[in-house]
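Enquirer: Generate the whole structure from the sequences, applying the supplied hints.
Here are the chains, one letter per residue:
Protein chains: 2
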Amino acid sequence: MNVIGVVAEFNPFHNGHKYQVEMIKKLYNPDILIALISNNFVQRAELSILNEEDKVNIALSMGYDIVIEIPPQISIQNAEVYCENSVRILDKIGCNIQVFGAETEDINILDDLIDKLKDEDIKKYTSLGHSYNKACFMVLEKYGLSKYYTSNNILALEYIRAKKKYNLDLSQKIIKRVASGYNDETISNNISSATNIRNLIKNGKNYENLVPYKSSKLTYILEKEDMIFDLFKYIFLRGDIDSIYDLSDELKNYISNRIRKAKNYEEFLEISKNRNISINRIKRIMLNVILNIKDVSVKEIEYIKVLGINKKGAKYIKNLDFCYVNYKHIKEDVKYEEFLNYLKVKKTLRNSIYREDL
Amino acid sequence: MNVIGVVAEFNPFHNGHKYQVEMIKKLYNPDILIALISNNFVQRAELSILNEEDKVNIALSMGYDIVIEIPPQISIQNAEVYCENSVRILDKIGCNIQVFGAETEDINILDDLIDKLKDEDIKKYTSLGHSYNKACFMVLEKYGLSKYYTSNNILALEYIRAKKKYNLDLSQKIIKRVASGYNDETISNNISSATNIRNLIKNGKNYENLVPYKSSKLTYILEKEDMIFDLFKYIFLRGDIDSIYDLSDELKNYISNRIRKAKNYEEFLEISKNRNISINRIKRIMLNVILNIKDVSVKEIEYIKVLGINKKGAKYIKNLDFCYVNYKHIKEDVKYEEFLNYLKVKKTLRNSIYREDL
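Residue numbers (our numbering), protein chains in the order written: chain A, 116 to 473; chain B, 116 to 473.
It is possible that some hints are incorrect.
One copy or any two copies: either way a pair holds, since identical chains are not told apart in the list.
Below are the DSS-like pairs computed for lysine-lysine, each with C-alpha atoms no more than 25 Å apart in a straight line [as the list claims (entries may be wrong)]: (1) Lys459 with Lys339; (2) Lys291 with Lys239; (3) Lys339 with Lys378; (4) Lys339 with Lys239; (5) Lys420 with Lys376; (6) Lys409 with Lys291; (7) Lys207 with Lys409; (8) Lys388 with Lys329; (9) Lys332 with Lys409; (10) Lys459 with Lys378; (11) Lys249 with Lys388; (12) Lys409 with Lys367; (13) Lys332 with Lys317; (14) Lys249 with Lys231; (15) Lys367 with Lys329; (16) Lys262 with Lys339.
By construction, these hints were calculated from the structure, which means they are not laboratory data.
Expert: In structure tokens:
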């Protein structure tokens, strides 16, 4: 039985995602196809542009049998934490195949990159003040391999590492991405990156040809950056922000010295970024503080939230007792829910998650 | 040397306050007259209607030599905490006379009330589920004395108790209030209660004849109740609200069971109040949670913030080394400041607090 899992953000779902489903069906004959998705909070530590309900409905209508949530405390962290925990969830829910997109199709090349990226070599550069990603790039540059250090390959490397680390019985398959990079803004064959589509949406431009559904039916979450900054700033200065994930005392001081000088989100990122600290890391720490995410939360996976299933999916999932279909009673979940309420982002709590196609 | 202290809210300063200053000058010949005031946060756990700068300027122009802040963690608490700590501050800054307004001028009657209000008798009623104030009223009713249990007499009782408790060398003088009660809405001799004036301001009505200054010069802080509720709700549900002042585990559960049912401030108060828990207590707990006020903060007075002085006041205060005139460096203060910023309430941090008359 082929239980195939795909880790994705669908921010938003686009023709590239549809192409991936078609390729999976053609190449790997799935009995059950599972999407493990970032729900309201994505890896860039931003709100997902698509409303949860729309996102889940689209995934089901496009051929997924089960849609599961990457716990938000994980979905906003760096590639290592995000990928490692996602792969562990896939394993936990019985996937024997993981499919992911990458710029490089040949898994041997990726294995080689992992061998070359030795901790001690990376440390040589991080100790000079370079960020982790920059240090990796510099290590690979010495071998003439830095051209492979691209945004989706970075995630792919982490998926492969996680499989090895936990010695999982999971076959990993790569489908080469058609659009050439995560941040790519060119359009080919009506397949474009999510970044490009988000920009079109934000600018009120047409992108109907880039997505496999009627965009007029969708609800987008508008930018809430300044509300997020104001709340972060207040909670940070209110005190008692101990044991927040990735917020060392040093970083706390660093932020303390800057936070009151910034008038808004953008200004704060501008004055906080430096060679050591990426903008994404600052954004993640902001959400970690607001959402009171502590060390422990990203290390343990206690429950799995099923966001959507079709009948085939329901039959499969009923044997997994840690998967909650009705999760109103998950206490940990309240703060995420409440943060969306605070931002006036509507999120529907469902009693039943059976859904019809769009 | 007569150093006279008055504890007040000036919310807003009105003709009754002016009358009090005139009476003090006539009766007690002050060498130094000190106003110890609630600054941005008043005892009903609300924002003060007057901008800090206006409030301090008015007090100085009306004859006070020194204006000192009741620390906000104290200024929002119940009568006992508010009065006890205020009297201790008056003592600490060298006052030998405290003057306060009350409905009853005869201090012997107030002393008698204190004798009658025995803890064990009060407990008989609170154990039946009555609030502390209601229980006191019921005790006094048995002696036919409940007519003296009025809003300003309640504060007066606490001032007198505090003096006795700490055995302070402080003479306490009462000036009978002209308006008959704190909540009184009738107007006599152009003296009206602050409550009445606030209502006039909120309703855009004229009250020029009730205050001793040009009201057109003043900046009012508009109501921010729903912003306060949204922030409270988020911080409460975010978790980690331990050791908050007056928030027992029982009360935390009580609030947990109600908070998500309320859409706004008013609704929350409505569904939270009961015979045991007054609306003011709920409002205080909301601010205690938002401002992260813990047990310890209301028990210790570590510094005293001077908000305004004239030259005579400056000469007096320079011998008190715990009085800060420039308090930009008081770390504890940041969260109060930041809460006002969050609410978009402008508060001027001053380097120099010398002021001219209005």
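Enquirer: Could you run down the list of hints and mark each one as holding or not?
Expert: Each hint tested on the structure:
1. Lys459 with Lys339: both (9 Å within a copy, 17 Å between copies)
2. Lys291 with Lys239: Answer is neither; intra-copy 32 Å and inter-copy 78 Å both fail.
3. Lys339 with Lys378: both (15 Å within a copy, 20 Å between copies)
4. Lys339 with Lys239: Classified as neither: same-chain Cα gap 39 Å, cross-chain 53 Å, threshold 25 Å.
5. Lys420 with Lys376: Intra 40 Å, inter 24 Å, cutoff 25 Å: inter-copy only.
6. Lys409 with Lys291: Classified as neither: same-chain Cα gap 36 Å, cross-chain 56 Å, threshold 25 Å.
7. Lys207 with Lys409: within (23 Å within a copy, 43 Å between copies)
8. Lys388 with Lys329: For Lys388 and Lys329, the Cα distance exceeds 25 Å both inside one copy (39 Å) and across copies (49 Å).
9. Lys332 with Lys409: Answer is neither: 37 Å inside a copy and 49 Å across each miss the 25 Å cutoff.
10. Lys459 with Lys378: both (21 Å within a copy, 12 Å between copies)
11. Lys249 with Lys388: within (14 Å within a copy, 57 Å between copies)
12. Lys409 with Lys367: both (14 Å within a copy, 22 Å between copies)
13. Lys332 with Lys317: This pair counts as within: shortest intra-copy Cα distance 16 Å, inter-copy 44 Å.
14. Lys249 with Lys231: For Lys249 and Lys231, only the intra-copy Cα distance (15 Å) is at most 25 Å; the inter-copy one is 76 Å.
15. Lys367 with Lys329: neither (45 Å within a copy, 46 Å between copies)
16. Lys262 with Lys339: The answer is neither: 35 Å in one copy and 54 Å across copies each exceed 25 Å.
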